[in-house]
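Trainee: These are the residues of each chain, in order.
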Amino acid sequence: MERVYLDNNATTMVDPQVSALMKEFETEKYGNPNSLHSYGMEVRQPMEKALDQLYKGLGASDEDNIIINGCATEGNNTVLKYYLFDQILKKGDKKSIIVSSVEHPSVYNTAKYLETMGARVIFLPVNEDGIVTLDILKEYLNPEETALVSVMWANNETGLIFPVKEMAGYCRSVGIPFHTDAVQAIGKIPVDLQEVPVDYLTFSAHKFHGPKGIGGLYVRKGMPIGPLLHGGEQMGNLRAGTVNVPGFIGMGLAMDLAVSQLDRELTQVRALRDRLEDAMAHLPDVSILGKRELRTPNTILASFKGVEGEALAWELNKFGVAVSTGSACASESLETDHTLVAMNIDPSLSHTALRFSLSRFTRDEEISYVIEVLGKAVERLRKISIDY
Amino acid sequence: MAKKDLIGGKLWETYSNNVIERMNNPTYFGEISPEEADAEDRRLIVADWGAESCGDAVRLFWLVDTKSDTILKARFKTFGCGTAIASSDVMAELCMGKTVDEALKITNLDVEKALRDTEDQAAIPPQKMHCSVMAYDVIKKAASLYKGVEMEDLEEEEIVCECARVSLKTVKDVIRINDLKSVEEITRYTKAGAFCGSCIRPGGHEKRKYYLEDILAEVRAEMDREKIKSRGSLETFEEMSPIAQYKAIEKIFEEKIKPILHRDGGDVEVMDIKKEGEETIIFIRYLGGCATCAAAGTGTLSMIDQVLKETVGPRVTARMI
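Taken in sequence, the protein lines are chains X and L. The first sequence: position 196 = 196 (my numbering), numbered continuously. The second sequence: position 169 = 169 (my numbering), numbered continuously.
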């Protein structure tokens, strides 16, 4: 086995069909969609189609907006900073924003920035399962004070799925806008905006086998939003800058494929993940973080006692297996990961945690190979380890 | 920030081949059994440092010849990342054949240097320096056990960072040896402050006796005073000749004060130095943006005053002309 990629929560392979489609819009139909001439004309219809695919995939209605942008980080910044500038600083009647304490840095650090600009930010704790529940949200939410609530749909590290439908429904009932970062949910679990009353939702194509550098921000009909990037009149004046046409068209198809193959994710990918997880659990002294039934079907966050996370990631990389670590040792800041801190897990586990994330392209024999080399890698490092 | 910083994620590519080789195949990992030490003039030392909950822990085994105090054999066990394994491996190698006192002179920089492929290329990136510090600490621990400077003495050592068990002496030493200038650097080298953060400055979740920011300021001030001393070969600033005083002050302004003001388009010049009783007054004049800035007489002046007090001494005051 040459290499096995089990880091699909970081990024995914572009589906070959998507890649093939995009090529056409790079070397052949490369016009600017805002041009009047034939080069502009010929890209607008495929863009319409991509937009249809995105609206259909998310269950958005035509009155809603899906603003195409550069990435989910941009979408998250657009929403949080809109509320900072327009609602908190300009209007000034509500000063507080609620986010969860386990958000991706694109929300977490943006919220920290908002704090420096005068917003009051509440970081919601998680329960013993690592989840923000509706009860927790209710405890901290104050309709007089809260300008916006932002809670991710699924966590990037643990794969834990949050009760977004209940939280969004409650927020709507008390008149508070609700945003969710759905980057880790799309393509892994059903995301239907007819069913789930969120007001804003961000996503990124490269997490569901689309290209990097393209994403979207869903804004429900009637909800206020302003541009983060000012300039030209693209995206109905809501996102200036020439649209990344190949990326956009690729993202449309990637969404279509992700939604039509969701069953595979929920059955086949889940079965492979479960097989790997069961095999891990057979190794001595392994802890799996987060209950299986509460996670996205592709993710495992596991701790191997006595084996530091980065060391194990290195060891697996020697065998060609790509996984990622939340280990403080591997980050430049040396900070213990805030998600694991918020989950209040044993600090020694936070140094041994390793994330395995599969995709619909993961094959059965790849999982067999990973199971085989994982045992070897853990064994070698435990031989060197101090207390094992 | 510059070109080299723009594409992040570089970590494993920055390790030297020596580090990689030792991560993959450490030579000196393992234990020394009590049976091996069961002979005349032989003593087994087992020293532990760090904790798994902090992300790094190392156990060092020494077989020492008690007649000559020579370390005959050294072995280690490590819980930690690859660079911790590599640092431990080279540390064990460096100990062997040395006397306990000689081994005590091995610093974290020696460990890092021994891991280099070429003299001028660092073996590991800055955020991994704490691994080499851990190797240095465990030698100190082993030596203290051997010398019978027992646990009580070790516990008397002032611990600045409880999470990473970093002592006041270690913090002061790394600042001096490595010429560190920021708390972030101290954290990278020692891990102090990397966890709960309480020891960085007051206001964390735990009250501490020492804070890294204070220690850094204190040690830097000491180092600067020593520099002034060695430059003027005089005892104190007060004893310097007026020319030497002026030069020393000018240097502090050039190195420590002007760069800060330049960032905001301001500048300052030293106009005069006068004694007023016990006090030395440095007269300054603002230029550029500072000349019209409202904070020049308050925040900026107190910053300049602070720098002068830290570098020259407490009886020096900055005053606007």
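Simulated from the structure, these hints should not be mistaken for lab results. Heads up, a few of these hints could be off.
Said to hold, decoys possible - Listed below are several chain X residues computed to face chain L (Cβ distance under 7 Å; list not exhaustive):
| id | residue |
| --- | --- |
| 1 | I136 |
| 2 | Y140 |
| 3 | D192 |
| 4 | Q194 |
| 5 | E195 |
| 6 | P197 |
| 7 | N344 |
| 8 | P347 |
| 9 | L349 |
| 10 | H351 |
Note that beta-carbon positions come from the ideal geometry of N, C-alpha and C, so glycine has one too.
Trainee: Can you list which hints this structure breaks, lowest number first?
Mentor: Numbers 1, 2, 3, 4, 5, 6, 7 and 9, in rising order.
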